[in-house]
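So the sequences go chain by chain: A and D. Per the numbering used here, the very first residue in the first sequence carries number 1; after that it's consecutive. Per the numbering used here, the very first residue in the second sequence carries number 455; after that it's consecutive.
Just so you know, these hints were derived from the structure itself, not from any lab. Careful: at least some of the hints might be erroneous.
If the Cβ cut is set under 10 Å, some of the chain D residues that face chain A in the computed set are [to be verified]:
hint : residue
1    : Gly490
2    : Ser513
3    : Arg521
4    : Thr561
5    : Lys570
6    : Arg590
7    : Thr601
8    : Pro606
Here a beta-carbon is modelled for each residue, glycine too, at the ideal position from N, C-alpha and C.
Below are the chains, spelled out letter by letter.
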Amino acid sequence: MKTFFFTPESPRSLALVRIGVGLLFLYEFGVRWPYSVELYSSDGLPMPFFPGTLLEPAALGWLPTSALHAALLFALLAVTIGWYTTPSLLIACLISTWLGLLDGPGTFNKYSVIGLHLMMLLSVSRCGWAWSVDALVDRRTSCHLAAAWPRRLIQLFLCNVYLGAAITKLRMAHFMTGDLVEFSLLDNHWGCTAFGLWLFEHRELLGPASVATLVFEFSFPVLVWIPRLRWMLLACAAAFHVTIGMALHLGIFSPLMLVSLLAFVNDSDLSRLRILPTPDSSTTDDGRWRRRSLLIYVTLFCLWLVAALVYRQYQESYKGRDSIELATADGNVVETMLLEQKPAYEDYFHRFEIGSRINGFRTSGETQQFQSGMTVHGLARLADNHPSLDLDWLLIAADGREAARLSKTLDASFAYATAGFELTEELPPGQYRIILMADGYEVARKSFQLEPRH
Amino acid sequence: MQSGTRQPHLRRAAAVFCIGLYLLANVFFLVRNSVGATGPDPWAYFFTWDMYPFYRTTSSRPLAFGRTKNGTCVELLPSPLQEFRWGLDGTATRTDMDRGFRYTSSTIRKVLRSSKHADHNPIVHVYVIEEYWPARFNLPDDVYSRTIDWPPRSAGQSNPRRKYWKVLEEFDVEFGGTGR
Chain A
1 MKTFFFTPES
11 PRSLALVRIG
21 VGLLFLYEFG
31 VRWPYSVELY
41 SSDGLPMPFF
51 PGTLLEPAAL
61 GWLPTSALHA
71 ALLFALLAVT
81 IGWYTTPSLL
91 IACLISTWLG
101 LLDGPGTFNK
111 YSVIGLHLMM
121 LLSVSRCGWA
131 WSVDALVDRR
141 TSCHLAAAWP
151 RRLIQLFLCN
161 VYLGAAITKL
171 RMAHFMTGDL
181 VEFSLLDNHW
191 GCTAFGLWLF
201 EHRELLGPAS
211 VATLVFEFSF
221 PVLVWIPRLR
231 WMLLACAAAF
241 HVTIGMALHL
251 GIFSPLMLVS
261 LLAFVNDSDL
271 SRLRILPTPD
281 SSTTDDGRWR
291 RRSLLIYVTL
301 FCLWLVAALV
311 YRQYQESYKG
321 RDSIELATAD
331 GNVVETMLLE
341 QKPAYEDYFH
351 RFEIGSRING
361 FRTSGETQQF
371 QSGMTVHGLA
381 RLADNHPSLD
391 LDWLLIAADG
401 REAARLSKTL
411 DASFAYATAG
421 FELTEELPPG
431 QYRIILMADG
441 YEVARKSFQL
451 EPRH
Chain D
455 MQSGTRQPHL
465 RRAAAVFCIG
475 LYLLANVFFL
485 VRNSVGATGP
495 DPWAYFFTWD
505 MYPFYRTTSS
515 RPLAFGRTKN
525 GTCVELLPSP
535 LQEFRWGLDG
545 TATRTDMDRG
555 FRYTSSTIRK
565 VLRSSKHADH
575 NPIVHVYVIE
585 EYWPARFNLP
595 DDVYSRTIDW
605 PPRSAGQSNP
615 RRKYWKVLEE
625 FDVEFGGTGR
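I would like the entire structure built from these sequences, with the hints used as guidance.
Here it is as structure tokens:
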């Protein structure tokens, strides 16, 4: 244990994590800078994540909020280039928590918390000792070794993230069926990416992909510690996060996880990469540059703050937040909305499929051509808001007559409905249909060809 | 400090304390999540990794309209105060992203206070409406027509994009623009 946590090592891999985290959160809060007043100030629309608790920070006026936001951007820039790294990380951690907690829907989420853990753990590390302004200015620290424990804690933290996510998924009834992924791909806020739509068109992959996700999330925290398997696990993790990043619009989540995985890269791995510069280990520092560096840091910080506030003052003078003009709405449209018309019956259904086999919550095998003696299974996936429904499953023969009917009542708490028809020898070959009716209304139909047994 | 190998005892003790505390917190909340013990504890959010805790089979967003004294309808949500947009197509406001409609009322109150209508033609009644639709209607037309082939009325056709509405709340507005 002592060796695990306290072996001296180069801080270069954590320096890479530092640069990545700094850049990502610089982007995250940079794109929110124009909306700072709306998101985080009492003059805008703050939406505290934990209202009425100790974790609800005070929303300040637009000027101090803008000052905080500007200070955060400066601190994140300083983190990226490794300039007064530890204080900059602490400032960034503190202000991003403050601002994030003031905006639940738009800023604060799980990846924000992952970022806060990383910033906090980096702040107790020596990540500013490599590839940083600090290392250039204070050459006493350059290329020296530091205890491994901050990097070990980041590694353990990542294992905990994967394990926690796996346990959550395992406890969900519809994760293994692929339903969770399928509906996430369709989400109107974070779904419907080009790759996500391709996956949706190949829904047969979603079940196996869900199982593979669980296998990966359970195995990573165990196997990544085996030296021979480490690179394989890291490659799997990278592929996993790239896939998530392509399939879902989750902000900086995937890049952040990729960056944090760099904590598993050893210094010996980095040494093999000759494209990375080797820190200068000369010790010619005489202390003058350290004093100048502090002066330059403080001066630039003040200049940045003033520039940001002048810009914000200029921007706010055109806003007029206290006298907004509301758009006129069409009264007829509003009246239609107030009628609260119930959804069409078919809109209570999400998916309808037929097949010669049912595997869990999917059909498989033959879907178009069946032979006498086989069973044709119908499966319907319903939306969660459906009422209790009287379902009728009809098997319609080629000549239009009703060959069979199955009726059952589906309680509102059920998400799936299934039925199976045995295709006996008495049924003549031809084009058949399975029709599903809900409360007497046709909601779904599928055709198939029945052929005589060969 | 020249090297990590010669740390003073105090520094080492502090490090051991930090390591222990951090690991303990992580293990505690991991076990808590494993046994399904979730309570109204905001601190748990910082240590619980329950990504993908839910999914929705329908999509929805809140809308709000105000009826003015002379009978005109005005849009309260989305409002001009909401400039920040998110989502894949960059159109979702924060109240759209707030799945539980936790911030709808406070946003409407703020919009009412900031509205010019308060002076000459005040808003007297507010309707808060949930607009919802099946998640499959989020598909682009071409993907929809290729993949959704079972509805009897629209098989093989482009996405019908039907929408439905539910009144979440309605209330009268007092003079000065706040909910009664």
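Hint check:
At about 6 Å, the closest approach between the beta carbon of Gly490(D) and any beta carbon in chain A falls short of 10 Å, and the interface hint on this residue holds. Because the beta carbon of Ser513(D) sits about 4 Å from the nearest beta carbon in chain A, less than 10 Å, this interface hint is met. Checking Arg521(D) against chain A by beta carbon gives a least distance of about 8 Å; that is within 10 Å, so the hint holds. With 10 Å as the threshold, the beta carbon of Thr561(D) comes within range of chain A, its nearest partner Cβ sitting at about 6 Å, so the hint holds.
A hinted interface residue such as Lys570(D) counts as satisfied when its beta carbon comes closer than 10 Å to some beta carbon of chain A; here the least separation is about 5 Å, so the hint holds. Interface restraint check for Arg590(D): the shortest CB-CB distance to chain A comes to about 6 Å, inside 10 Å, so the restraint holds. Interface hint at Thr601(D): satisfied, since its Cβ lies 6 Å from the closest Cβ of chain A, which is below the 10 Å cut-off. Contact between Pro606(D) and chain A, as hinted, is supported at the beta carbon level, the nearest pair being about 5 Å apart and thus within 10 Å.
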